[in-house]
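Asker: Sequence:
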Amino acid sequence: MNEAEAAIGAILAATGAADLFDGDPGDANAARRAKRRYRQLVALAHPDVALAHGVDAARAQLATARLGQLHADWQAMTGARGQDPHVVGRRATYPLRRRVRRAPLLATYATDEPGLFVAISRTPEDGTRPLARAEQHLSDWHLWGFGPTVVDRGEVAGRRWAAYRLRDGLRSLREVRAAYPAGLDGRDWAWMARRLLMVLDAVDVRNGALGLDSVLIHPEEHGVVVTGWGEGDLPDEAGVTRLFDDMLAPGEHRQRRFATASEGLPPRVRLSEYDLLLRALYGPRRFRPFTL
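Under the numbering used here, residues 106 to 397 are what the sequence shown spells out, in order.
It is worth saying that the hints were derived from the structure and are not from the lab.
Using N, Cα and C, we set each Cβ at its ideal position, and we do this for glycine too.
Be aware that a few hints might be false.
[What the hints assert, rightly or not] Across the chosen pairs, the derived CB separations fall in these ranges:
1. 393 with 220: 20 to 28 Å
2. 247 with 377: 43 to 51 Å
3. 358 with 157: 41 to 49 Å
4. 170 with 272: 23 to 31 Å
5. 380 with 158: 19 to 27 Å
6. 166 with 120: 15 to 23 Å
7. 127 with 393: 47 to 55 Å
8. 285 with 388: 18 to 26 Å
9. 386 with 157: 22 to 30 Å
10. 141 with 164: 18 to 26 Å
11. 163 with 198: 36 to 44 Å
12. 166 with 133: 27 to 35 Å
When you get a sec, could you build the whole thing from the sequences and use the hints?
Answerer: Okay, structure coming up:
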């Protein structure tokens, strides 16, 4: 058995983070050891490296994803080995249960309380800042139902975290895209996009640097929640336009053309123009059930 095979086997056989990473993540020496261990394993498990060693690339890809999850789980732990993962805040101690979302900068975990989640930065950069900005922007405009409610925050193993409340039943746009790999019917995307444009109009922001992981929807109730907010109205962060490209089926040309052509419009005008387009495409507005 070569090194790549051994590394991939160890990763896939691990039942928890402690099988690969030891010590308390709050201890600097343990954190350094874990970082070295992670880099060694991810280098060996890389699909290109594994393929060169005769290991199936799909198995290597599965191991790489599993390694990232276990490393994030280990970073989220505090206290003695064997203790349930948790973070300690100013108001309470929050147990970390099932991971519900994983974005480039954040891993989000369920807790024992329904509707209460903990988001932990996956890098030394403060990945929770967009979450706080979303709450601030939306609450300033009395749009509490469209954003999270942050109840606590802190730091663990050099990573910032935030505890926040959301309604039950929400799914990220990334999950929606995975469930509809061929893309959405324009009528299904219409209610999601329109609610996003309503939010941007209300806070007078053109795009908000929104992404697949920072926009959540409630399929049955047609609700939309923004859990991340960018650092301003940046021209290279045309988040809403990208979402049209990411979410729509290939044949939905008119909505895509609208998204690109309307980038420079004020938010209120863009929403009004979108309403006109939807009426021209689909007629009077009506409820269309959507399921995942």
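Asker: Checking each numbered hint in turn, tell me which of them this model violates, lowest number first.
Answerer: 2, 5 and 9
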